[in-house]
Amino acid sequence: MELSATGEPVFEKEDTQVHVGLDLLPGSFTLTRDGENFEPYHALVQFAGVRENPWAAQEVKFSAKGPDGRRVAFTVDLLNDSWSGPREGLPEAIWKVVALAATSAGDVGITYTTPGPA
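Just so we're aligned: the sequence shown equals residues 1 to 118 in my numbering.
Don't read these hints as lab results, they were simulated from the structure. There's no promise every hint is true.
Taking lysine to aspartate or glutamate and the EDC-like style, the derived pairs with C-alpha atoms no more than 16 angstroms apart in a straight line are [what the hints assert, rightly or not]: (1) K65 to D77; (2) K65 to E92; (3) K61 to E2; (4) K61 to D23; (5) K96 to E36; (6) K65 to D81; (7) K65 to E8; (8) K96 to D81; (9) K65 to E88.
Label-pair distances were calculated between CB atoms; the ranges are [stated by the list, open to error]: (10) P9 to W83: 28 to 34 angstroms; (11) E92 to K61: 43 to 49 angstroms; (12) L44 to N80: 30 to 36 angstroms; (13) S82 to D34: 35 to 41 angstroms; (14) M1 to R87: 44 to 50 angstroms; (15) E8 to L44: 20 to 26 angstroms; (16) N53 to T75: 43 to 49 angstroms; (17) R33 to E8: 21 to 27 angstroms; (18) T6 to G27: 45 to 51 angstroms; (19) P67 to T6: 22 to 28 angstroms; (20) M1 to E36: 47 to 53 angstroms; (21) T6 to T30: 49 to 55 angstroms.
All residues carry an ideal CB built from backbone N, CA and C; glycine is no exception.
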């Protein structure tokens, strides 16, 4: 196959979204809902950059196995209801997954710091 390309690609950050997927090591992370444990095996983190604002992690979708082996999905909203900052009360382990995804996304210019005191 012959391939050629010309031009100067330009990236304009108007309202851009980037999804970063991570395969999670079995047994490294547990989600608990209503007293029932689920083992996530994949996380898909959505980052968005609107105009000149910094990139923000908006949500993470987990694919997991329940105690009965059944596959389930969870979506965790990372922004508060007014979209002005991080949602309070989320477990630190979820922010660690987001930080891992942000590290993987560094190639497209996403920089990320876990919310909270510096």
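Verification of the hints:
no., hint, in the structure
1, K65 to D77, "20 angstroms, violated"
2, K65 to E92, "21 angstroms, violated"
3, K61 to E2, "38 angstroms, violated"
4, K61 to D23, "12 angstroms, holds"
5, K96 to E36, "21 angstroms, violated"
6, K65 to D81, "28 angstroms, violated"
7, K65 to E8, "45 angstroms, violated"
8, K96 to D81, "21 angstroms, violated"
9, K65 to E88, "26 angstroms, violated"
10, P9 to W83: 28 to 34 angstroms, "30 angstroms, holds"
11, E92 to K61: 43 to 49 angstroms, "19 angstroms, violated"
12, L44 to N80: 30 to 36 angstroms, "21 angstroms, violated"
13, S82 to D34: 35 to 41 angstroms, "27 angstroms, violated"
14, M1 to R87: 44 to 50 angstroms, "47 angstroms, holds"
15, E8 to L44: 20 to 26 angstroms, "31 angstroms, violated"
16, N53 to T75: 43 to 49 angstroms, "23 angstroms, violated"
17, R33 to E8: 21 to 27 angstroms, "49 angstroms, violated"
18, T6 to G27: 45 to 51 angstroms, "49 angstroms, holds"
19, P67 to T6: 22 to 28 angstroms, "55 angstroms, violated"
20, M1 to E36: 47 to 53 angstroms, "50 angstroms, holds"
21, T6 to T30: 49 to 55 angstroms, "50 angstroms, holds"
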